[in-house]
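Enquirer: Each chain is listed here by its residues.
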Amino acid sequence: MNLTLFVVVLITAILLVVIAMSIARAISPRSFNKQKGEAYECGIPTRGKSWMQFKVGYYLFAILFLMFDVEAVFLYPWAVTVQDAGINGLLGVLFFLVILVLGLAYAWRKGALEWK
Amino acid sequence: MFDFGVVTQWIDELLRSFLPGTAATLVELVLIGLCLLVGYAVIALILIYAERKVCAFFQCRIGPNRVGPYGTIQSIADMLKMLTKEIIEINHVDRFLFNLAPFMVIIASVLAFGCLPFAKGLHVIDFNVGIFFLIAVSSIGIVGILLAGWASNNKYSLIGAMRSGAQMISYELSIGLSILTLVVFSGTMQLSEIVEQQAAGWFIFRGHIPAFIAFVIYVIAGTAETNRGPFDLPEADSELTAGYHTEYSGMHFGFFYLAEYLNMFVVAGVATTLFLGGWMPLHIPGWEGFNQVMDYIPSLIWFAGKCAVVIFIIMWFKWTFPRLRIDQLLHLEWKYLLPINLCNLLLMVIVVVFKLHF
Chain A
1 MNLTLFVVVL ITAILLVVIA MSIARAISPR SFNKQKGEAY ECGIPTRGKS
51 WMQFKVGYYL FAILFLMFDV EAVFLYPWAV TVQDAGINGL LGVLFFLVIL
101 VLGLAYAWRK GALEWK
Chain B
1 MFDFGVVTQW IDELLRSFLP GTAATLVELV LIGLCLLVGY AVIALILIYA
51 ERKVCAFFQC RIGPNRVGPY GTIQSIADML KMLTKEIIEI NHVDRFLFNL
101 APFMVIIASV LAFGCLPFAK GLHVIDFNVG IFFLIAVSSI GIVGILLAGW
151 ASNNKYSLIG AMRSGAQMIS YELSIGLSIL TLVVFSGTMQ LSEIVEQQAA
201 GWFIFRGHIP AFIAFVIYVI AGTAETNRGP FDLPEADSEL TAGYHTEYSG
251 MHFGFFYLAE YLNMFVVAGV ATTLFLGGWM PLHIPGWEGF NQVMDYIPSL
301 IWFAGKCAVV IFIIMWFKWT FPRLRIDQLL HLEWKYLLPI NLCNLLLMVI
351 VVVFKLHF
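In order, the protein sequences belong to chains A and B. According to the working numbering, the first sequence is numbered sequentially starting from 1. According to the working numbering, the second sequence is numbered sequentially starting from 1.
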């Protein structure tokens, strides 16, 4: 039942965009102007390409994010059962977290968290 | 306490009385979709109006007051205006991705919206991994924003999208970890069950110190996640015009606008559900009369009221703090919130294991 509802909500979302877009396309005015198709800039045409290599700093943070996000995924099943596992659950996850924090400390020490 | 299950049951029986089984189910599914759509649009309109009024009062202005009494129809007029604006075709965009981006953003926000328990018996998607599902679908929105910025072929859009991506994935961690803290406390990921457990007392009171820290972190990270308030540098208007949606016009832009406000509601709704008891009324142990009176207030109003409070706090942030720089923003997340969150998680486990909570 939940999966059916999930599909229903998904279709609702797609329909919302499709319907609103088709209404907008039907009733909105249209006019042609050569300058209108240009990219938005400060008044002059864009210099060079916009699809270019980008600052690597963002990439570093994305990698760090990957590490911690996967960690969070691993922790969720543990979080549900920790009440039954008791002290063993606490000790078990402590090792996991220590290794993770070491990773964060390493990244911090190496200057990966600085924005340069 | 009024149970909305009665209404849905009644509609179900009514439909089955004159329709065959499959047709009745089909009609019900269409009804669910329609209700969701109407709720989505109405909440967006209310939020846009509220945002403008709250903003106006913070700046000692009156705000919208011409269209309708106290300007209440202003946002409907805005929506109609948005629909009638021309959708400009830009020459150098990646057309497929450019048109795909609003879909991703809207899908993410509608799916997350569908997961929330609005009132007793008023709950669309209720997976047993509900909260996990909610985090998963709401992060699809990041893909939409990155697509929008990349496909626009515009430098402002690209910078905005990159900033937004870095910001949203970073703060996603804090959201995930502070929710994890609460999952440790409740022992379940199903949203309806989380709300049921709070009948005895809201988690923010029962989990005392760690739950409160998690709540504060959640609200900060949620504000960042919705690109609002002091964290609105992806669309910092004075530097990047409009950030990732610079090239979007008309209704195309409207979807980003809609999704932004709905994401704010979803953040407030999750904060309400996890920390402030969802639709559960405020009960104080020992005060029987008080509890009885509180029970008379419908659950939908409890949910809406708590959401409104959280949304007001998020709006308050926006008009109180100056905008952060990108390095300050990333430092706040990686050097403060993340370590605090990890310590808080351990604190919560200790509280749960040694039964130190109420």
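Hints may be right or wrong, so weigh each one.
[To be verified] Just some of the chain A residues that point at chain B, by a computed CB distance under 10 Å: (1) V9; (2) T12; (3) G37; (4) F68; (5) G86; (6) L113.
Since the hints were made in silico from the structure, they are not lab data. A quick note: this is a predicted structure, and the numbers were derived from the prediction, not measured. Using N, Cα and C, we set each Cβ at its ideal position, and we do this for glycine too.
Enquirer: Does A:G37 meet its interface restraint, that is, does its C-beta lie within less than 10 Å of any C-beta in chain B?
Expert: 4 Å, holds
Enquirer: Are A:G86 and chain B close enough, Cβ to Cβ, to be under 10 Å, as the hint says?
Expert: OK, holds: A:G86 within 10 Å of chain B, min 6 Å.
Enquirer: So, as I understand it, the hint says A:T12 touches chain B; can you test that by seeing if any CB pair is closer than 10 Å?
Expert: 4 Å, holds
Enquirer: Is the interface hint for A:V9 satisfied, with its Cβ closer than 10 Å to some Cβ of chain B?
Expert: 4 Å, holds
Enquirer: Answer holds if the nearest beta-carbon of chain B is closer than 10 Å to that of A:L113; otherwise answer violated.
Expert: It holds, given that the least Cβ distance between A:L113 and chain B is near 5 Å, below 10 Å.
Enquirer: Any CB of chain B closer than 10 Å to the CB of A:F68?
Expert: Given a least distance of 5 Å, the restraint on A:F68 holds.
Consistency note: the structure conflicts with none of the earlier hints.
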